[in-house]
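As given, the protein sequences belong to chains A, B, C and D, one line each in that order.
Residue numbering for the first sequence follows the numbering used here, beginning at 1 and increasing consecutively.
Residue numbering for the second sequence follows the numbering used here, beginning at 1 and increasing consecutively.
Residue numbering for the third sequence follows the numbering used here, beginning at 1 and increasing consecutively.
Residue numbering for the fourth sequence follows the numbering used here, beginning at 1 and increasing consecutively.
Derived from the structure by calculation, the hints contain no laboratory data.
No experiment lies behind these values; they were computed from the predicted model shown.
Hints may contain errors.
Under 7 Å between C-beta atoms, here's a sample of chain B residues computed to sit facing chain A [what the hints assert, rightly or not]:
1. Q108
2. L132
3. I135
4. V136
DEER-style ranges, computed between Cβ atoms [stated by the list, open to error]:
5. A:G189 / D:N439: 54 to 62 Å
6. B:F33 / D:I51: 49 to 57 Å
7. A:F632 / D:L8: 46 to 54 Å
8. D:A48 / A:F629: 25 to 33 Å
9. D:P105 / B:V67: 22 to 30 Å
10. B:V56 / D:I51: 27 to 35 Å
11. A:T552 / C:P47: 58 to 66 Å
12. A:T552 / C:S9: 34 to 42 Å
13. B:R74 / D:S440: 40 to 48 Å
14. D:K408 / A:I618: 28 to 36 Å
Here are the simulated lysine to any residue pairs, SDA-like style, with alpha carbons at most 20 Å apart [stated by the list, open to error]:
15. C:K257 / C:K45
16. A:K628 / D:K300
17. A:K543 / C:I12
18. C:K296 / A:G581
19. A:K375 / C:Y66
20. C:K58 / A:F629
21. A:K156 / D:N477
22. D:K300 / A:F629
23. A:K628 / D:I360
24. D:K357 / D:H154
25. C:K293 / C:P184
26. A:K553 / A:R542
27. C:K296 / A:K543
The beta carbon of each residue, even a glycine, is placed where N, CA and C say it ideally should be.
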Amino acid sequence: MTFLLAGLFILLLSGFVAFFTGKSGRAAAFSAILGTLSCLVLSSGICLDSLINGRSFEFSFPLTLPFANFAIGIDPLSAFFLLPLLLLSSLCAIYGSEYMKSPSGGHDSRMSWFFFCLLVTGMTIVVIARNGVLFLIAWEIMALSSFFLVTYEHEKREVRKAGWIYLVASHVGVAFIFTVFAILGGDQGSLDFAGFQAVKSGTLTASLVFIFAVMGFGSKAGFIPLHIWLPEAHPVAPSHVSSLMSGIMIKLGIYGILRILTFLGAPPLWWGITFIVIGMSSGILGIAFALASHNIKRLLAYSSVENIGIISLGTGIGLAGISCDEPFIAILGFAGALLHVLNHCIFKGLLFLGAGTVLHETGTGDMDRLGGLMKKMPFTGACFMTGSASISGLPPFNGFVGEFLIFLAAFYGITSASLPLSLCSIVVIASLALIGGLAMACFSKAFGIVFLGEPRSDKTSHTADPGIPMLLPMIILSMLCLAVGFSGPTISAWLAGTVSQISGIEIPACRTGLKIASLPLLSITVLSSLLIIMGSFLYSLRKALPRIEMETKEPTWDCGYAKSVPRIQYTSSSFTSPVTGLFSTFLKTRFKRPATSETFPGNNSFSSETPDFWQEYIFTPIVGLFKKFSTFLIRSESGRIHVFILYIIITILTLLTWNFFR
Amino acid sequence: MIILLLTNFSLLASSRLDACIRIITFQGIIIAFLPILTVRETHIIFSYPPYLLALVILTVKGIVFPVLLKHTLRSVKVRREIEPFVGYGASIVIGVIAMTFSFWVCRQIPLHGTTLSASALPVAIFTVFCGLFMIVSRVKAITQAIGYIVFENGVYVFGSALLIEQSFLVEVGVIFDVFVMVFILGIMTFHINRAFDHINTAKLEKK
Amino acid sequence: MELFQMTQSSEIILKTHASFLAALLLAPVIPGIINRTKAFFAGRKGPPVLQLYHDLFKLLRKGVVYSSTTGWVFRAAPVVTLTASVGVLMLLPATGAAPALISFPGDLILFAYLFGVARFFTVTAALDTGSSFEGMGASREVQFAALGEPAFLIALAALASLSNRISLNGIFSELAVNSFSNLPVLLLVMTTILLVLLTENCRIPVDDPNTHLELTMIHEVMILDNSGPDLAYILYGSALKLWAFGTVLISIALPFKTGNYFCDSAAFLGGIFLLAVLVGTVESAMARFRLDKVPKMLITAAALSIIALSLTLR
Amino acid sequence: MILTLLILIPALAGIASFFVSSAFLRRSMLAGTAVLHCLLTAAAWVSAPEILLNGWLALDSAGLLFLSVSSILFLASSVYAVGYLGREHQQQQISEEGFIFTNTPESIFIACLQLFLSAMTLVCASQHFGLLWVGIEATSLASAPLIYFHRHQHSLEATWKYVLICSVGIGLALLGTLILTYSASMIEGEGLNLVLGQLLLNSADLQPQWLKVAFLFFLVGYGTKMGLAPLHTWIPAAYSEAPSLVALLSGALLNCAFLGILRIHQVCIAAGQSAFSCGLLVFFGLFSMAVAAFFIIGQKDYKRMLAYSSVEHMGILSLGIGLGGTAVFGSLLHLINHSLTKGMLFLAAGNILFVYKTRISSDVKGLLGRIPVTGALWVAGLFAITGAPPFGLFVSEFTIFKSAITQKHYLIAGLFLLLLAIIFAAMSYIMLNMAQGENSEPVKKESSFGIIPPVILFLLTLLLGLYIPPGLTDILNSVAFIFGGA
């Protein structure tokens with residue numbers, strides 16, 4: 001615990017150091033890296049201890065604020081979120097140290113580094129906080145510092161807009177979390193988690209807490225339709241920041257919900273169903289929007305929504321499992337969800353870093369202007385491909401393991417005796433399969449369009465792999481993708497403590513359940529290693545073939561069309577148009593069509609962009625309404641002193657009459 | 001009391017500013033005699049505070065205000081209140097309504113013996129309302145000043161009607177208040193007059 | 001709750017390997033049969049049944065031509081595709097008679113996702129060539145896959161809930177029990193799987209493997225630039241894929257086992273050859289759908305499987 | 001002795017500075033007064049000051065609390081004033097309309113500042129309702145010339161509104177006082193005077209009906225001065241026209257008016273009428289918040305926006321008091337935090353106005369680039385004033401909200417949160433667009449006089465967000481107990 005505190009302190013300190021360093025962001029970046037790394041090192045021991053042995057530690061000293069104590073603690077749940085958090089943040093710091101030297105970072109990056117450290121500190125405290133007020137404070141610090149990071153380039157109009165949307169979204173979320181803790185706290189003087197008397201399940205209070213928690217934390221996690229800030233904020237943020245935010249910060253929303261669930265006792269069935277519905281809509285629609293977007297970072301943001309959907313599907317089947325009293329299924333579901341949290345943290349971080357590299361080198365995130373980068377930056381390409389494969393849930397990468405567990409839970413659910421559980425499982429299977437297919441489509445596009453084929457514009461003309469500081473984190477993350485993919489059994493065994501905390505099933509049961517679940521994982525590992533061996537054998541066989549060395553280079557077969565130009569290639573939008581066609585109800589894509597009336601049309605342009613459905617048709621109108629009303633009020637306020645005094649008279653008269661008539 | 005009522009109504013009705021000033025002077029003089037009446041009621045013959053008070057009020061309300069107001073009036077060269085927000089007939093009607101309201105209000109509240117007279121209270125409240133109404137309904141700054149004075153008279157009547165004992169400080173408060181008010185308003189009108197060429201608060205507004 | 005049994009008698013292991021190898025060997029026959037059938041309906045003589053073997057060997061002995069646009073993804077793709085198909089075969093009771101090489105709860109998920117791997121590489125390789133035709137094929141491929149995958153998985157789920165097992169082995173061994181009472185379910189599932197089979201293996205009415213108009217092609221157009229050994233790998237891989245789907249279909253169609261290895265294998269082979277004939281017949285009897293009808297067909301398939309699944313719920 | 005000094009020193013200094021000629025001496029007198037006042041207040045914390053005029057003047061814990069807040073604010077503003085007057089002197093005044101005007105003579109300005117302080121002290125210390133009333137009247141008189149500092153027509157209008165509206169309010173408050181006396185005088189035997197203590201002692205036999213009426217008049221009267229909607233109308237005008245430090249002081253003034261309401265509320269509680277008064281307070285609180293919220297959304301003028309946010313926070317204060325329970329504690333804490341934060345914001349706004357010469361928020365861009373310190377303060381102030389952690393207002397608002405929930409006033413709590421959210425959205429939109437954005441001009445050097453006071457205020461509110469000194473907690477608790485808190 002002391003180590004952890006020390007790490008926390010160092011982290012905070014490094015932030016302030018970064019604030020006071022020299023004008024060139026170098027020293028600042030260095031201190032940030034140092035801070036995050038040392039915090040990681042110092043806290044990893046306790047985290048692993050608590051993860052593996054399921055132990056938990058507490059520490060607290062009183063603050064003078066009402067309801068508040070500086071109560072922190074590490075238990076499997078916290079540890080599970082804390083480790084990837086610190087890991088990813090140190091990697092992002094390393095990455096950023098090079099990235100921030102880009103021409104885009106014209107202004108000095110010290111502030112940015114300061115807020116970076118603040119963000120990491122805030123997230124850490126959120127995860128380990130054991131007191132409502134402390135949690136809220138840390139939560140808001142996290143939100144605000146990330147806001148400042150997002151609006152790093154606040155000269156641009158769209159950046160400011162995105163920042164504002166993000167700010168308001170998170171603030172509204174906080175309002176709900178406010179309520180959650182206020183209700184949970186009951187009427188005792190402190191909001192320590194230990195002091196929360198367990199709300200009886202099924203009561204109205206429990207349901208209220210649940211609903212508010214889902215709305216509050218969901219707005220951070222990005223449940224549809226509370227997700228609107230994601231596709232706005234991520235494209236404009238510096239890439240290592242958006243990697244951090246999408247990789248771990250939105251997961252803290254999930255963490256919050258899980259943490260609240262531990263206070264609520266046995267869940268009724270409809271909670272599970274709620275989660276499954278949320279998961280279904282977020283997953284499918286999220287990936288659909290991802291398919292429709294051309295900007296690579298916007299695409300990644302939407303795919304985060306999708307992955308959050310998958311996670312909540314897992315949580316949902318877990319909850320349903322508990323309420324239908326099928327502990328094994330519950331364990332599988334939660335384990336799958338948690339594993340996917342970890343995995344998404346890894347590969348989404350990786351993908352954002354990759355996208356950042358592309359942005360950094362070419363200066364554009366518009367996929368339709370990119371292409372053929374694989375030859376220019378092979379390492380980045382390989383890493384991005386790894387990320388894409390794992391986010392599409394392809395074995396043997398890590399993405400598959402988590403989804404597999406959720407699938408497994410669902411299949412067991414179908415074979416289980418209770419009807420509602422089977423129905424839930426059907427939904428889960430169907431949506432997971434659909435999501436998987438669409439994700440495959442989406443990321444084969446993301447990778448293929450950006451890195452393969454011919455360059456679509458001259459933006460890619462002189463680009464190369466970035467320096468070590470940017471490359472190293474990506475490589476490490478790709479390694480992790482494979483490692484987690486192969487060590488599925490071990491890692492799932494580590495989840496026991498966390499799962500038991502969420503599901504309320506005692507640890508030994510979880511251990512046995514996960515051991516059972518780890519057998520298939522083991523055989524998957526065996527099989528995939530087998531296949532890899534075989535693949536390499538086939539490859540070498542191919543090399544050994546007689547006339548293989550007679551390898552000739554020709555241009556791509558163009559079916560006799562002589563004057564083929566790169567622009568003729570399929571673009572991201574044309575690639576996905578068959579799929580996106582299926583979701584046209586939500587994807588209101590706007591086309592700027594050329595008017596080709598004459599026989600030989602001249603130069604023309606065709607462009608399409610897909611606005612966010614909910615922002616377009618729900619939130620913007622509401623905001624507009626408020627604006628109108630307010631302007632109306634201000635106009636109608638005459639400013640005549642007579643009227644003002646009339647107000648006073650009317651007030652006193654009404655009050656008197658009211659008083660006497662009462 | 002009845003006289004007081006009538007003064008109020010005439011105030012509501014009159015359009016000429018100097019007439020208004022004359023009326024409030026008259027009102028002030030009447031009010032000045034209230035403490036003495038109170039003395040009569042409470043049978044404490046030789047207690048000087050009431051007389052002193054009467055004297056002060058006589059000087060302030062009967063002499064200082066009129067002079068000040070006349071001065072301002074002269075300095076801003078307006079004779080009559082033009083274009084009020086509420087016409088004079090309507091003002092009378094509203095006055096009647098206000099009067100009934102104030103009587104109704106007084107019926108709601110339990111009174112006890114020490115009051116000056118049953119009618120004093122409603123009249124006081126009515127005066128207050130008249131004052132407020134003048135402030136709201138008249139355009140000229142100076143008329144509003146007059147209205148404010150009426151308002152203060154009402155408050156004062158109210159006080160002296162209700163509070164027989166040791167209400168000295170309160171009266172001092174009133175005088176202090178009104179005095180300062182007229183002072184301020186005088187300055188104000190002065191400036192307003194300089195800023196524009198006639199006293200019209202409505203024109204002060206932006207846009 | 002089934003644990004997977006490590007302890008198998010050496011004899012079973014032998015049989016398993018035998019049938020696995022048999023599958024690997026016999027797979028290329030299927031396309032031959034299909035073509036033969038089509039030729040028969042067209043009134044031609046048609047290529048010999050073993051034509052594909054011949055092609056494969058010829059291709060393996062050829063050199064390769066690469067587009068200058070392509071990179072290592074393009075070179076890796078054929079290997080990966082083939083490997084994935086082999087992997088899938090390992091999960092299946094390859095000739096229906098003996099259990100699969102590797103079997104564990106939920107292996108049917110891996111089954112679906114291995115094909116996913118293959119598809120991912122095929123598609124990216126297609127995009128790697130930078131040709132708009134291949135891009136077109138790729139885009140269609142992913143669309144159909146996105147719809148076909150749920151249909152297939154739900155169909156398997158129906159079987160799982162029918163047989164109360166969630167490993168392919170378990171399912172197929174359990175189906176024999178009271179399969180008559182479940183006939184409607186089985187029929188629905190089989191229809192779905194047949195449709196998915198046609199889609200996944202790019203057969204008419206979804207795709208026309210041997211047209212020469214690239215605009216209409218899906219799978220073939222993606223491998224337009226492959227040549228030599230790569231093409232051989234791809235062809236062999238797709239033969240294996242066809243065999244795999246066929247296996248699933250037939251194991252459902254003939255759930256009964258005599259217990260005698262050879263009889264069962266024979267029955268199974270007969271079944272799968274019949275299936276080939278059936279596919280050939282379909283190809284000769286029907287025309288290609290308009291592209292926008294294919295999604296509808298797949299959604300129908302999914303709907304059918306969902307109906308089947310809901311029938312099995314108790 | 002302390003109390004006497006507290007009241008007399010500013011008064012005398014004020015009167016003196018009418019006649020002092022040298023600007024330097026005057027300004028140093030101002031600063032000196034402020035410092036002395038602060039020191040004396042601190043002394044009052046240590047040793048309870050004496051009681052004057054047989055109990056009419058005494059500094060109970062509530063008074064002490066309010067006094068300290070005002071004193072700190074005054075210190076900050078007087079330091080700021082030194083710089084402000086300096087730069088107002090140098091440059092020719094050009095208003096937005098671009099016509100030239102002259103400022104009030106500095107002597108009058110400074111004198112009024114000090115008189116204002118003494119009046120405020122009087123209000124905080126007075127235990128007698130008449131005296132309280134006189135004090136509040138005095139504050140408005142002393143502050144009128146301050147608001148009329150820039151002598152051009154808009155500030156004239158603002159002052160006119162301020163004076164007229166406030167005096168009407170004051171008049172009503174006077175009526176209230178009279179009625180209160182009457183309700184007290186109904187007690188048989190020797191009628192008692194308006195000293196708070198005695199009223200509380202035999203509050204039982206106050207005539208309830210009259211007491212209620214009295215409360216109504218107090219509420220409307222002092223509410224006008226405090227700026228509860230719909231009586232708030234003078235605030236936007238006055239705040240937007242007056243120089244920023246004056247606006248800041250009127251912040252303190254609002255508190256004093258609030259104290260007036262609290263006193264009568266205290267009597268009501270003692271007389272067992274708390275349900276009545278609490279209900280009204282809650283209603284006015286929510287109503288003010290709502291009005292403020294909707295006037296902030298479309299607001300073009302950032303000083304007006306700040307004014308409306310003051311209205312909102314006054315609403316929160318009265319809401320907290322009305323809710324009772326722990327909310328009272330929260331509300332008092334909120335009073336302190338709000339005064340500090342709003343003070344900082346007004347000073348920052350003053351700097352902005354000085355640099356950009358406009359009050360239209362859409363014409364202000366890239367503060368962070370042009371005047372970094374003020375810009376940073378502006379952004380920080382935004383988050384502080386909208387109650388985001390780790391700032392003090394978060395703690396107080398959360399306390400109020402929590403107690404609303406604990407008392408099962410779910411509707412009130414919901415409205416409270418909703419309005420807060422709306423206000424946050426609106427203010428952040430306006431203020432961030434001012435702070436951020438591209439900026440062509442080079443960085444401008446900011447005068448330390450203009451920077452130090454707001455920075456200090458900011459640090460204070462940040463501190464209160466993280467750590468509340470136990471002594472403060474104790475006094476807050478005792479005050480909360482006085483005003484019906486738990």
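Hint check:
no., hint, result
1, Q108, "4 Å, holds"
2, L132, "5 Å, holds"
3, I135, "6 Å, holds"
4, V136, "5 Å, holds"
5, A:G189 / D:N439: 54 to 62 Å, "48 Å, violated"
6, B:F33 / D:I51: 49 to 57 Å, "39 Å, violated"
7, A:F632 / D:L8: 46 to 54 Å, "51 Å, holds"
8, D:A48 / A:F629: 25 to 33 Å, "51 Å, violated"
9, D:P105 / B:V67: 22 to 30 Å, "27 Å, holds"
10, B:V56 / D:I51: 27 to 35 Å, "30 Å, holds"
11, A:T552 / C:P47: 58 to 66 Å, "28 Å, violated"
12, A:T552 / C:S9: 34 to 42 Å, "53 Å, violated"
13, B:R74 / D:S440: 40 to 48 Å, "55 Å, violated"
14, D:K408 / A:I618: 28 to 36 Å, "32 Å, holds"
15, C:K257 / C:K45, "36 Å, violated"
16, A:K628 / D:K300, "14 Å, holds"
17, A:K543 / C:I12, "35 Å, violated"
18, C:K296 / A:G581, "12 Å, holds"
19, A:K375 / C:Y66, "15 Å, holds"
20, C:K58 / A:F629, "78 Å, violated"
21, A:K156 / D:N477, "48 Å, violated"
22, D:K300 / A:F629, "15 Å, holds"
23, A:K628 / D:I360, "19 Å, holds"
24, D:K357 / D:H154, "15 Å, holds"
25, C:K293 / C:P184, "26 Å, violated"
26, A:K553 / A:R542, "18 Å, holds"
27, C:K296 / A:K543, "43 Å, violated"
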